[in-house]
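> Top line first, the protein sequences correspond to chains F and U.
Position 259, counted from 1, in the first sequence is what full-length UniProt numbering calls 259; the numbers after and before it change by one each time, with no gaps.
Position 125, counted from 1, in the second sequence is what full-length UniProt numbering calls 125; the numbers after and before it change by one each time, with no gaps.
Note that these hints are calculated values from the structure, not bench results.
Every value quoted in this text rests on a predicted model; they were computed, and no experiment measured them.
Keep in mind that a hint or two might mislead.
Here are the simulated SDA-like cross-link-like pairs (lysine to any residue), alpha carbons at most 25 Å apart as the crow flies [unchecked claim]: (1) U:Lys66 - U:Ile141; (2) U:Lys66 - F:Leu171; (3) F:Lys200 - U:Ile153; (4) F:Lys200 - U:Lys229; (5) F:Lys43 - U:Trp130; (6) F:Lys200 - U:Ile141; (7) F:Lys303 - U:Phe89; (8) F:Lys14 - U:Met98; (9) F:Lys200 - U:Ile10; (10) F:Lys43 - U:Thr73; (11) F:Lys200 - U:Met162; (12) F:Lys43 - U:Pro105; (13) F:Lys43 - U:Phe92; (14) F:Lys200 - U:Asp183; (15) F:Lys303 - U:Val8; (16) U:Lys229 - F:Leu171; (17) U:Lys46 - F:Asn152; (18) F:Lys14 - U:Ile153; (19) F:Lys303 - U:Leu106; (20) U:Lys229 - F:Leu154; (21) U:Lys229 - F:Leu155; (22) F:Lys14 - U:Phe92; (23) F:Lys200 - U:Phe7; (24) U:Lys229 - F:Phe270; (25) F:Lys14 - U:Gly164; (26) F:Lys303 - U:Arg95; (27) F:Lys200 - U:Gln161; (28) F:Lys200 - U:Ser157.
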Amino acid sequence: MSGQGASAAEGRPKRRLGRNSVIALPYAWLLLFFLLPFAFVLKISLAEADIAIPPYTALLDWIDNTTVAIQLTFAKYQLLLEDRLYLAAYLNSVKIAAIATGLCLLIGFPIALFIVSRPVHARIFWLAVVMLPFWTSLLLRVYAWVGILQSNGLLNTLLLDLGLIHQPLVLLHTDLAVYIGIVYSYLPFMVLPLYAALEKLDATLLEASADLGARPAVTFATVTLPLALPGVIAGCLLVFVPAVGEFVIPALLGAPDTLMIGRVLWDEFFANRDWPMASAVAIVMLVALVAPVMVFRARETRKADGA
Amino acid sequence: MLRTGRFVSIMAVAGLLFLYIPILLMMVLSFNASRLVSVWGGFSLKWYGELFANDQLLGAAWLSVKVAAVSATLTVVLGTLAGYVLTRFGPFRGRAMMAGMVTAPLVMPEVITGLSLLLLFVAMEDFIGWPQGRSPTTIIIAHATFCMAYVTIIVQSRLAQMDGVLEEAAQDLGARPWRAFVDVTLPMLAPALVSGWLLAFTLSFDDLVIASFVSGPGSSTLPMVIFSKVRLGVSPDVNALATLLIGFVGACVFIYSWRVGRRARQRDA
Numbered sequence: 001m002s003g004q005g006a007s008a009a010e011g012r013p014k015r016r017l018g019r020n021s022v023i024a025l026p027y028a029w030l031l032l033f034f035l036l037p038f039a040f041v042l043k044i045s046l047a048e049a050d051i052a053i054p055p056y057t058a059l060l061d062w063i064d065n066t067t068v069a070i071q072l073t074f075a076k077y078q079l080l081l082e083d084r085l086y087l088a089a090y091l092n093s094v095k096i097a098a099i100a101t102g103l104c105l106l107i108g109f110p111i112a113l114f115i116v117s118r119p120v121h122a123r124i125f126w127l128a129v130v131m132l133p134f135w136t137s138l139l140l141r142v143y144a145w146v147g148i149l150q151s152n153g154l155l156n157t158l159l160l161d162l163g164l165i166h167q168p169l170v171l172l173h174t175d176l177a178v179y180i181g182i183v184y185s186y187l188p189f190m191v192l193p194l195y196a197a198l199e200k201l202d203a204t205l206l207e208a209s210a211d212l213g214a215r216p217a218v219t220f221a222t223v224t225l226p227l228a229l230p231g232v233i234a235g236c237l238l239v240f241v242p243a244v245g246e247f248v249i250p251a252l253l254g255a256p257d258t259l260m261i262g263r264v265l266w267d268e269f270f271a272n273r274d275w276p277m278a279s280a281v282a283i284v285m286l287v288a289l290v291a292p293v294m295v296f297r298a299r300e301t302r303k304a305d306g307a
Numbered sequence: 001m002l003r004t005g006r007f008v009s010i011m012a013v014a015g016l017l018f019l020y021i022p023i024l025l026m027m028v029l030s031f032n033a034s035r036l037v038s039v040w041g042g043f044s045l046k047w048y049g050e051l052f053a054n055d056q057l058l059g060a061a062w063l064s065v066k067v068a069a070v071s072a073t074l075t076v077v078l079g080t081l082a083g084y085v086l087t088r089f090g091p092f093r094g095r096a097m098m099a100g101m102v103t104a105p106l107v108m109p110e111v112i113t114g115l116s117l118l119l120l121f122v123a124m125e126d127f128i129g130w131p132q133g134r135s136p137t138t139i140i141i142a143h144a145t146f147c148m149a150y151v152t153i154i155v156q157s158r159l160a161q162m163d164g165v166l167e168e169a170a171q172d173l174g175a176r177p178w179r180a181f182v183d184v185t186l187p188m189l190a191p192a193l194v195s196g197w198l199l200a201f202t203l204s205f206d207d208l209v210i211a212s213f214v215s216g217p218g219s220s221t222l223p224m225v226i227f228s229k230v231r232l233g234v235s236p237d238v239n240a241l242a243t244l245l246i247g248f249v250g251a252c253v254f255i256y257s258w259r260v261g262r263r264a265r266q267r268d269a
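Using the sequences and the hints, build the whole thing.
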């Protein structure tokens with residue numbers, strides 16, 4: 001169908017012009033506002049911080065009308081390698097995001113199974129129950145945990161009243177609070193793709209497995225889980241990727257020394273006003289996080305198309 | 001229908017309680033006369049009064065609504081074009097690159113999107129004198145760019161479900177491509193465009209990180225004002241704001257799901 005449209009379009013110059021301008025508008029927008037900015041990030045990561053507006057040195061210096069001095073410095077990248085803080089922040093972000101993704105999967109899977117086991121007309125209600133928090137503000141939902149976890153907060157008050165503890169626990173501004181925040185915020189992103197995968201699952205396969213004598217746990221491990229795998233992968237990516245670069249959750253719930261790479265970039269930019277350093281951190285994140293994920297996604301899509 | 005054991009049901013209910021208890025507690029606290037979280041000082045609406053007397057919060061909320069509405073509309077136009085081009089135009093030079101650029105923002109950390117767009121705006125101002133400083137306009141451009149991916153994907157999947165037969169029929173009957181698009185494709189796309197607009201509005205309205213990078217002095221959005229307040233601890237008027245927001249969104253979602261559910265039940269019967 002599209003091939004026909006294409007040949008018809010080639011036949012008439014006016015149509016080809018129309019077709020090309022329809023392509024050109026979104027294309028130009030993406031080139032200008034998505035791709036081109038990375039060139040400036042790269043450029044500024046090679047400059048030095050300067051007390052100026054904007055706060056970095058120029059790469060090109062006109063000495064006179066004919067001579068240009070190019071000043072490039074890899075100082076920021078050298079610092080990234082030498083100062084342990086940056087590597088630690090990167091590894092810590094990956095660790096926190098990976099553990100939180102695993103927890104999301106553990107909590108999200110029963111919810112998805114539960115929704116699929118409801119009658120068809122009731123599923124939409126349960127899906128709405130899961131998705132409602134997503135449609136409200138992430139910032140406000142993270143903030144809700146501040147009141148629960150702070151030292152004179154609801155959880156400590158409850159535990160003290162029950163006599164389970166005698167001194168308030170330090171819960172807010174800890175790594176534990178960051179895990180809770182990430183799992184809480186991203187749970188709907190895990191449940192939705194799991195639900196989509198499980199909904200397509202043929203229930204007769206599970207009955208066959210049970211008829212052949214498999215216990216529920218065995219059926220789950222050998223039939224349900226493998227068939228839900230595309231949903232598991234999609235859900236894990238949807239949680240893991242934004243969690244690694246997360247800023248709001250560690251800033252509100254984490255300790256001052258909870259190192260996460262998104263927060264490091266933010267602080268370099270807003271607190272230290274070191275634009276070149278923030279840019280260098282961004283370039284490293286692009287190479288060490290975004291690029292591998294994009295390659296992985298492209299391979300998964302190709303596999304899915306091939307199957 | 002899939003059958004599940006008691007264990008799964010208990011786990012699922014526990015998971016749903018985990019999702020809702022913090023929200024419900026926040027709503028209850030918004031009616032607490034005491035400023036302290038742990039002390040119930042009696043029922044009171046005073047935080048709502050304080051909220052509606054807070055010009056800074058109200059101004060930021062109004063700005064956020066305007067930014068979200070304009071950027072969502074822009075996003076739907078751009079996303080529809082991109083989705084249509086990618087599903088209906090067949091191969092063209094640079095198609096793979098466009099497909100890549102459309103979906104890449106989905107895996108892009110917000111801090112990188114924010115920083116890169118800010119650096120672009122600074123450089124553009126230097127070269128061509130536009131945009132002059134940071135303003136709501138730069139926030140709108142940034143939001144339209146990162147929301148475009150979501151709308152494009154929604155439009156693409158809707159277009160993939162409807163095969164092109166009706167559009168072809170329209171063109172065979174003599175409609176120009178533009179007429180066929182407006183009279184045939186757009187009406188069929190309408191539900192997808194509505195959900196795309198709502199999604200883009202929500203993402204824009206909730207965005208803190210990107211807006212913080214590309215907004216200028218005097219254009220603080222609602223999340224930016226909330227963030228600077230709650231950084232210092234619990235703030236009861238924010239509880240009141242959250243209650244109003246969640247109540248509104250909750251009512252919309254449940255009315256919608258109830259209507260869809262009723263339609264599904266009628267179909268089943």
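> Determine for every hint whether it applies to the structure shown.
Results for each hint:
About 13 Å separates the Cα atoms of Lys66 (chain U) and Ile141 (chain U), which keeps this hinted pair within 25 Å; it holds. Proximity of Lys66 (chain U) to Leu171 (chain F) is assessed by CA-CA distance (about 38 Å); at most 25 Å being required, the pair is judged violated. The suggested pairing of Lys200 (chain F) with Ile153 (chain U) holds, with an alpha-carbon distance near 21 Å, which does not exceed 25 Å. Taking the CA atoms of Lys200 (chain F) and Lys229 (chain U), the gap is about 45 Å. The hint is violated against a cut of 25 Å.
Note on Lys43 (chain F) and Trp130 (chain U): the hinted pairing holds, with a Cα-Cα distance of about 20 Å set against a maximum of 25 Å. A threshold of 25 Å between alpha carbons decides the hint, and for Lys200 (chain F) with Ile141 (chain U) the separation of about 39 Å lies outside it, so the pair is violated. The straight-line distance between the Cα atoms of Lys303 (chain F) and Phe89 (chain U) is roughly 24 Å, inside the 25 Å bound, and the hint therefore holds. In summary, the hint linking Lys14 (chain F) to Met98 (chain U) is supported, as the alpha carbons are separated by about 23 Å, within the 25 Å threshold.
Straight-line distance between C-alpha atoms of Lys200 (chain F) and Ile10 (chain U) comes to about 23 Å, which keeps the hinted pair within the 25 Å bound. The straight-line distance between the Cα atoms of Lys43 (chain F) and Thr73 (chain U) is roughly 33 Å, outside the 25 Å bound, and the hint therefore fails. Taken as a hint, the Lys200 (chain F) and Met162 (chain U) pair is honoured in the structure, with Cα atoms around 20 Å apart against an allowance of 25 Å. At most 25 Å may separate the alpha-carbon atoms for a hinted pair to count; Lys43 (chain F) and Pro105 (chain U) meet this at roughly 21 Å.
Pair hint Lys43 (chain F) plus Phe92 (chain U) does not hold up; C-alpha atoms about 31 Å apart against a cutoff of 25 Å. A hinted pair counts as satisfied when its Cα atoms are at most 25 Å apart, and Lys200 (chain F) with Asp183 (chain U) does not qualify at roughly 34 Å. Only pairs whose Cα atoms come within 25 Å are accepted, and Lys303 (chain F) paired with Val8 (chain U) is rejected, the gap being roughly 31 Å. Distance hint between Lys229 (chain U) and Leu171 (chain F) is fulfilled; the C-alpha atoms sit about 21 Å from each other, no more than 25 Å.
A hinted pair counts as satisfied when its Cα atoms are at most 25 Å apart, and Lys46 (chain U) with Asn152 (chain F) qualifies at roughly 22 Å. Taking the CA atoms of Lys14 (chain F) and Ile153 (chain U), the gap is near 29 Å; set against the 25 Å cutoff, the hint is violated. Using a Cα cut-off of 25 Å, the hinted pair Lys303 (chain F) and Leu106 (chain U) holds, with the two alpha carbons roughly 20 Å apart. Distance hint between Lys229 (chain U) and Leu154 (chain F) is fulfilled; the C-alpha atoms sit about 20 Å from each other, no more than 25 Å.
A hinted pair counts as satisfied when its Cα atoms are at most 25 Å apart, and Lys229 (chain U) with Leu155 (chain F) qualifies at roughly 22 Å. Taking the CA atoms of Lys14 (chain F) and Phe92 (chain U), the gap is near 17 Å; set against the 25 Å cutoff, the hint holds. With a C-alpha separation of about 22 Å, the suggested pairing of Lys200 (chain F) with Phe7 (chain U) holds against the 25 Å cut-off. Taking the CA atoms of Lys229 (chain U) and Phe270 (chain F), the gap is near 17 Å; set against the 25 Å cutoff, the hint holds.
Simply put, Lys14 (chain F) and Gly164 (chain U) have alpha-carbon atoms about 22 Å apart, close enough for the 25 Å limit, and the pair holds. For the given pair, Lys303 (chain F) sits about 20 Å from Arg95 (chain U) by alpha-carbon distance, which is consistent with the 25 Å threshold. The hinted pair formed by Lys200 (chain F) and Gln161 (chain U) meets the criterion: a straight-line CA distance of about 17 Å does not exceed 25 Å. This hinted pair checks out: Lys200 (chain F) and Ser157 (chain U) have alpha carbons roughly 17 Å apart, not beyond 25 Å.
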